[in-house]
Amino acid sequence: MARYILKRLLMMIITIWIIVTLTFVLMKAVPGSPFNEERTTNETVQANLEAHYNLDEPYIVQYLLYLKSIVTFDFGPSIKQPTETVNDLLGRGFPISFELGIVTIIVAVISGIILGILAALRHNGIIDYVAMSFAVLGISIPNFVLATLLIQKLAVDWGLFPPATWSSPAHMVLPVIALATGPMAIIARLTRSTMLEVLTQDYIKMARAKGLSPWKIVFKHALKNALMPVVTIMGTLLAGILTGTFVIEKIFAIPGMGRYFVESINQRDYPVIMGTTVFYSAFLIFMLFLVDIAYGILDPRIKIHKKGGGE
Amino acid sequence: MEKILEVNDLHVTFTTYGGTVKAVRGVNFHLNKGETLAIVGESGCGKSVTSNAIMRLIPDPPGKISNGSIIFNGKDLTKLTEKEMRQIRGVDISMIFQDPMTALNPTLTIGSQLIEGLRQHHKISSENAKKKALEMMDLVGIPNPEVRLKQYPHQFSGGMRQRIVIAIALICEPELLIADEPTTALDVTIQAQILELFEKIQERTGVSIILITHDLGVVAKIADRIAVMYAGKIIEVGTKREIFYEPEHPYTQGLLKSVPRLDLKGEKLTPIDGTPPDLFSPPTGCPFTARCPFAMEVCDKVYPFHSELSDTHHVECWLQDERAKQLLATSATK
Amino acid sequence: MKLASEGKANHSPSSTEVQDDWFKWKEKDLGAAESVARPSLSYWQDAWKRLMKNKLAMAGLIFLFLLTVMAIIGPMLSPYKVDGNDLPNQFLPPSGDHWFGTDSLGRDVFTRTWYGARISLFVGLMAALIDFFVGVVYGGISGYKGGRTDNIMMRIVEVLYGLPYLLVVILLLVVLGPSLTTIIVALTVTGWVGMARIVRGQVLQIKNYEFVLASKSFGTKTKRIIRKNLLPNTMGPIIVQMTLTVPSAIFAEAFLSFLGLGIQSPFASWGVMANDALGAILSGYWWTLFFPAFFISFTMFAFNVLGDGLQDALDPKLRK
Numbered sequence: 068m069a070r071y072i073l074k075r076l077l078m079m080i081i082t083i084w085i086i087v088t089l090t091f092v093l094m095k096a097v098p099g100s101p102f103n104e105e106r107t108t109n110e111t112v113q114a115n116l117e118a119h120y121n122l123d124e125p126y127i128v129q130y131l132l133y134l135k136s137i138v139t140f141d142f143g144p145s146i147k148q149p150t151e152t153v154n155d156l157l158g159r160g161f162p163i164s165f166e167l168g169i170v171t172i173i174v175a176v177i178s179g180i181i182l183g184i185l186a187a188l189r190h191n192g193i194i195d196y197v198a199m200s201f202a203v204l205g206i207s208i209p210n211f212v213l214a215t216l217l218i219q220k221l222a223v224d225w226g227l228f229p230p231a232t233w234s235s236p237a238h239m240v241l242p243v244i245a246l247a248t249g250p251m252a253i254i255a256r257l258t259r260s261t262m263l264e265v266l267t268q269d270y271i272k273m274a275r276a277k278g279l280s281p282w283k284i285v286f287k288h289a290l291k292n293a294l295m296p297v298v299t300i301m302g303t304l305l306a307g308i309l310t311g312t313f314v315i316e317k318i319f320a321i322p323g324m325g326r327y328f329v330e331s332i333n334q335r336d337y338p339v340i341m342g343t344t345v346f347y348s349a350f351l352i353f354m355l356f357l358v359d360i361a362y363g364i365l366d367p368r369i370k371i372h373k374k375g376g377g378e
Numbered sequence: 035m036e037k038i039l040e041v042n043d044l045h046v047t048f049t050t051y052g053g054t055v056k057a058v059r060g061v062n063f064h065l066n067k068g069e070t071l072a073i074v075g076e077s078g079c080g081k082s083v084t085s086n087a088i089m090r091l092i093p094d095p096p097g098k099i100s101n102g103s104i105i106f107n108g109k110d111l112t113k114l115t116e117k118e119m120r121q122i123r124g125v126d127i128s129m130i131f132q133d134p135m136t137a138l139n140p141t142l143t144i145g146s147q148l149i150e151g152l153r154q155h156h157k158i159s160s161e162n163a164k165k166k167a168l169e170m171m172d173l174v175g176i177p178n179p180e181v182r183l184k185q186y187p188h189q190f191s192g193g194m195r196q197r198i199v200i201a202i203a204l205i206c207e208p209e210l211l212i213a214d215e216p217t218t219a220l221d222v223t224i225q226a227q228i229l230e231l232f233e234k235i236q237e238r239t240g241v242s243i244i245l246i247t248h249d250l251g252v253v254a255k256i257a258d259r260i261a262v263m264y265a266g267k268i269i270e271v272g273t274k275r276e277i278f279y280e281p282e283h284p285y286t287q288g289l290l291k292s293v294p295r296l297d298l299k300g301e302k303l304t305p306i307d308g309t310p311p312d313l314f315s316p317p318t319g320c321p322f323t324a325r326c327p328f329a330m331e332v333c334d335k336v337y338p339f340h341s342e343l344s345d346t347h348h349v350e351c352w353l354q355d356e357r358a359k360q361l362l363a364t365s366a367t368k
Numbered sequence: 101m102k103l104a105s106e107g108k109a110n111h112s113p114s115s116t117e118v119q120d121d122w123f124k125w126k127e128k129d130l131g132a133a134e135s136v137a138r139p140s141l142s143y144w145q146d147a148w149k150r151l152m153k154n155k156l157a158m159a160g161l162i163f164l165f166l167l168t169v170m171a172i173i174g175p176m177l178s179p180y181k182v183d184g185n186d187l188p189n190q191f192l193p194p195s196g197d198h199w200f201g202t203d204s205l206g207r208d209v210f211t212r213t214w215y216g217a218r219i220s221l222f223v224g225l226m227a228a229l230i231d232f233f234v235g236v237v238y239g240g241i242s243g244y245k246g247g248r249t250d251n252i253m254m255r256i257v258e259v260l261y262g263l264p265y266l267l268v269v270i271l272l273l274v275v276l277g278p279s280l281t282t283i284i285v286a287l288t289v290t291g292w293v294g295m296a297r298i299v300r301g302q303v304l305q306i307k308n309y310e311f312v313l314a315s316k317s318f319g320t321k322t323k324r325i326i327r328k329n330l331l332p333n334t335m336g337p338i339i340v341q342m343t344l345t346v347p348s349a350i351f352a353e354a355f356l357s358f359l360g361l362g363i364q365s366p367f368a369s370w371g372v373m374a375n376d377a378l379g380a381i382l383s384g385y386w387w388t389l390f391f392p393a394f395f396i397s398f399t400m401f402a403f404n405v406l407g408d409g410l411q412d413a414l415d416p417k418l419r420k
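Those protein sequences? They're chains A, B and C, same order as listed.
Heads up: the first sequence begins at 68 in the numbering used here, then just goes up one per residue.
Heads up: the second sequence begins at 35 in the numbering used here, then just goes up one per residue.
Heads up: the third sequence begins at 101 in the numbering used here, then just goes up one per residue.
Bear in mind the hints are in silico, worked out from the structure with no lab data behind them.
Don't take each hint at face value.
Claimed, not checked - When the alpha-carbon atoms are kept at most 30 Å apart in a straight line, the in silico DSBU-like pairs for lysine-lysine are as follows:
hint, chain 1, residue 1, chain 2, residue 2
1, B, Lys-117, A, Lys-287
2, B, Lys-359, C, Lys-153
3, B, Lys-359, A, Lys-283
4, A, Lys-291, B, Lys-117
5, A, Lys-272, B, Lys-165
6, B, Lys-274, A, Lys-283
7, B, Lys-56, C, Lys-126
8, A, Lys-74, B, Lys-184
9, A, Lys-272, B, Lys-291
10, B, Lys-165, A, Lys-287
11, B, Lys-166, A, Lys-272
12, A, Lys-291, B, Lys-113
13, B, Lys-157, A, Lys-283
14, B, Lys-67, B, Lys-274
15, B, Lys-157, A, Lys-287
16, B, Lys-157, A, Lys-291
17, C, Lys-124, B, Lys-335
18, B, Lys-117, A, Lys-272
19, B, Lys-335, A, Lys-283
20, C, Lys-155, B, Lys-291
21, A, Lys-287, B, Lys-164
What the hints assert, rightly or not - Calculated Cβ distances over 10 Å to all of chain B for the following chain C residues:
hint, residue
22, Val-118
23, Asp-120
24, Val-169
25, Arg-218
26, Tyr-261
27, Ala-380
Note that beta-carbon positions come from the ideal geometry of N, C-alpha and C, so glycine has one too.
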């Protein structure tokens, strides 16, 4: 197990390093970026940039100093808001985005798994068809379309929920639905198909032959095995939810990281794009690492054989 | 002798897109207390379906016990509700599956899979359950059981896993054990060990065993009586002696000729030509007719009557009819 | 112990039923024992037949066909141009003149929708094709060579796979500047990784099959083994993967347009149209969003159900 974690940890560091290097190289390559020539009009900004990126040093030194700043969680200044740094934006926006993301994941995972199990247990029944039609729709409708529909119907026409911002639990409902539907649909489909496969396995038949109740068979014997593949796609889902927050925060005017990121893209605020991308990537890759570890804990086959184990 | 199980006119069908498969078509047999009955036949002949029917583990839909009764200790299992049946599975009747690699849940420890049946059916403390589990592991010959209890299936070899499966099946001390091809997936040397284990267990616990297999070698070792199944019917049944030395049905004879035997040196191995009939639309007559070296016209038209050659030896074949015996006699003189 | 009763399930013994002259040897007819179960169809015929039975997948296929036709001829059916600003006529509801209405700049939504279909389908198909070529070459070499080459190539894939896909795409587009070409490039730079993994898995699996070993032992050239034996058998999952790449690329394009990194106005893609419509929808101009949203959703839906259908139809395990 320790070796497994160590290997994953190494992979994680390499991947983050690649992202950091990639952003550095790309930013140096952008024609007309503030890193290449003195194009910025604001003197404070120029001073901030030079201070952070050490623009008067040779590239290699710039690169190493940049790496050092990343390691110390210093993601650099902004060129549009001279008094702000990426860290300021993160401090303000990240807690909100994180909250949105966490609630979304919980909603998506729980409802997706329940839907998938119901569909599998009532295979080819009405619940199955309804759940799976719902799931295909959920995968097909882009979240920005769903978000706009929800605002139009539930907020504007019917007045059930507030249409925008992020100040009370009621404000969370629409953004979370809009963001969670896609991942939920994917989880439901995957849970259903693996559950169906698991239910045909010999060990399920064996459990039935022991006289166990259907409840116990599903929850003790089938579910854990059926959820393994769901754990493996958690990484992809997390990435989808994270990029989904860009869109959702923009539409619902939620003052999270995603909205700052989109703004920085529209304003071509390169240092912010760079810093935020690195932060997002590192965060995501760390999450993937956690998912891998969770998988290793859930599936005993991944552990390294203990002494006296195999024959 | 006391009968523990009696299967009468059992029919099992499966409804599929392609039509209805009549997998078991009127099977009759019984099992005496403490004996081992082997059900032998090619794959697809309905032997596994029969054993699953006894456990009421036929997936419904598409499968269904469409007719017949299964009397176990005086109770008709086909009439029980699913809930009542659960009180019998694992407690009175246990089952062992073909492939030990897939029969154990990879994500649960051996220990928890061993004791869960026990704790489902009996009020027993986890302390005592564990004690019982260790006892069982000792019985099936697993060294170092204390450590092994906490391990996962992937840490065991195939033979060891099958021992675990047997321990799981026996932990509630069932009266009847159904073993569905218990050695097919194992190496030959391991096969012998597992068969010896069966003998030892029967000696110790007096459990009655139904052994489902296609392998006559396995049968020769541990069976008391043998039922030969073909295309959803039992075509011949008898004691091990009767089946091996006085087989009457041409299919049984063919089966015996197609496996190597130590006691008949110099005999040529001859396979049975052809394949079993399609069970979507089984023939009205004897299903073996198309492959039978003694096929007569009657065989196609009517299913053979049941003949009793002795108390224990029964066969369903037209060759037992007087008129066929005359035909045989006249053909032999030509 | 009597078992006589057991026989009654079959027939009650009555000698009248069984006539004496039926007891003569039957003509040998071994052919009857060898049942010919079903006519042997080629892999593709068989798969096609099964796909045809899947109504949802066929509906998807027909929708995509019609969409393609409309993407080609749609813009020609209307007198308006894709970038034909007509401010006095902004936000006209659907009518005889403007079938899908007009947008905030008075542009005809009907024309723009089909123009958007061109862009979306083009992006989707190009992404799928490029992924296919790169993935097949990379995964094929990795799987076929095996050993160290495979090891190194797969390590690279593993690292690339760990990169957050859309973030890399965003980064690339910020640097390269948004245009049709750069979008496709950005989407495929890391997109081929999934395909390469699938191809490698398939090749590894099939490489050891007996028929490949057989053709190898007869001295057939390696190239021929790949072309004749490996490729047809690997196609199933690859086709499915391609079918599913198209909607994810279309979605990615819409997503990028939404962030302002897609095709630039005045040109239309569904994502651009949806983004432009965001403000208008709250004022009740529903058609500006409805049409692009409807077509994005249905195209995704069509590709998804087609992909599912193909997966079922091409899975050799399901052939019976």
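Which earlier hints can't be squared with this structure? Of the numbered hints, 2, 3, 6, 9, 12, 19, 20, 22 and 23 do not hold.
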